[in-house]
Amino acid sequence: MRELLRSWWHEPRPAGPPRGWRDWLLVALFATTALLEGLVRSDLPAPTLVPVLIGVGLAPVLLWRRTRPLLMAAVAFPVCAAGEALVGGDLNLHTLAFLLILVFSLSRWGSGREAVFGAAIVAAKIALSTSAGHLGPGDALAGAAVVSAALALGAALRYRARARQREFEQVKLLERERLARDLHDTVAHHVSAMAIRAQAGLAVLDTQPAAAADALRIIEAEASRALVEMRAMVRVLRRDEPADRTPAPRIADLEHLASGAAHGPPVEVDLVGDLDGLPAPVATAIYRLAQESVTNARRHARHATRIIVRVACDDELVQLRVSDDGEGPSSRGFGPTGFGLIGMRERAHLLGGSVDAGPNLDRGWTVTATLPRTAAA
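Numbering (the working numbering), first residue to last: 1 to 377.
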């Protein structure tokens, strides 16, 4: 327990989303609600203006609930305590329930120290209201329970978001390793080709000098390609694994996706443009993205009659489009377990491209990927 408390005390503040229009809309909503409540209710404590002014005046604190949760709590709850002292009782303004958002923010967006100090401020306000007779014992216990629930909910969502982020990072790291492995295998293939050509050149050096010169030119070309792909490989992570001397998958291997459909809807492959001269990292990435998309379609597209894989390229870009006509959830690939799409986007991003996925207008699902013809890894 002591270690748990120490860990929470040193807990850093998590990064939160920037303030947006939804925050301003939330403030306007609560400020308007406080004004309307003051106009329509006749049972507010006198002077009625005090609860209404407090409700309207405290609404803007929600704008800083993620960046300054402790400061906002230190402002809001003492102001409420002062207002109760002015009216001689509970403010009785239902709109002030939005202060629970500040309590939630303490454990969701604050550091460990901020959450502890903020919870102490809230507890002191409840204790002060109870001792002054503004709250009965039952109401005080109920208030403490609600505050505890808000703090627990904030902490739960905080750790859930952290666990989710860890999963995302693991998926991205795995995709980096896979990309590095593919690049490593491609470089190893180039090096093997250079070794064979060098041996052949040495064998014919004395009898056929022209053939030896041709071997040197081929070695030079292979070395240039290997250096380009080696620079890409060292930019990503990989585990120590034995090199595969066979070349990595290329565009031509996409035909295997169609011929290998032992079950599920048939796969149609359409290749357009000059695809023979693609760099190995780009060709391998296109194959991997298509493979993942086809696998996802076979797994989730119910009642699909076909899957279409189309690859087209020009002088600058290579575009992949994988679509099906099946039925499936509208959030396919984007749900809590949609890590395949995360990995696909990571691989495309490493090569300077992008991946998008979403439902079709009528039925089915489409994955589109765009990569630069020259890999930018």
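Calculated from the structure, these hints are not laboratory results.
Treat the numbers as computed from the prediction; the structure is a model and nothing was measured.
Idealized CB from N, CA, C, for every residue including glycine.
One or more hints might be untrue.
Claimed, not checked - Computed beta-carbon distance windows for the label pairs:
{"id": "1", "residue 1": "Asp-362", "residue 2": "Tyr-159", "range": "37 to 45 angstroms"}
{"id": "2", "residue 1": "Leu-361", "residue 2": "Asp-315", "range": "43 to 51 angstroms"}
{"id": "3", "residue 1": "Ala-195", "residue 2": "Asp-274", "range": "23 to 31 angstroms"}
{"id": "4", "residue 1": "Pro-47", "residue 2": "Phe-117", "range": "28 to 36 angstroms"}
{"id": "5", "residue 1": "Arg-113", "residue 2": "Leu-361", "range": "31 to 39 angstroms"}
Run through the hints listed earlier and report the numbers of any the structure violates, in increasing order. 2 and 5
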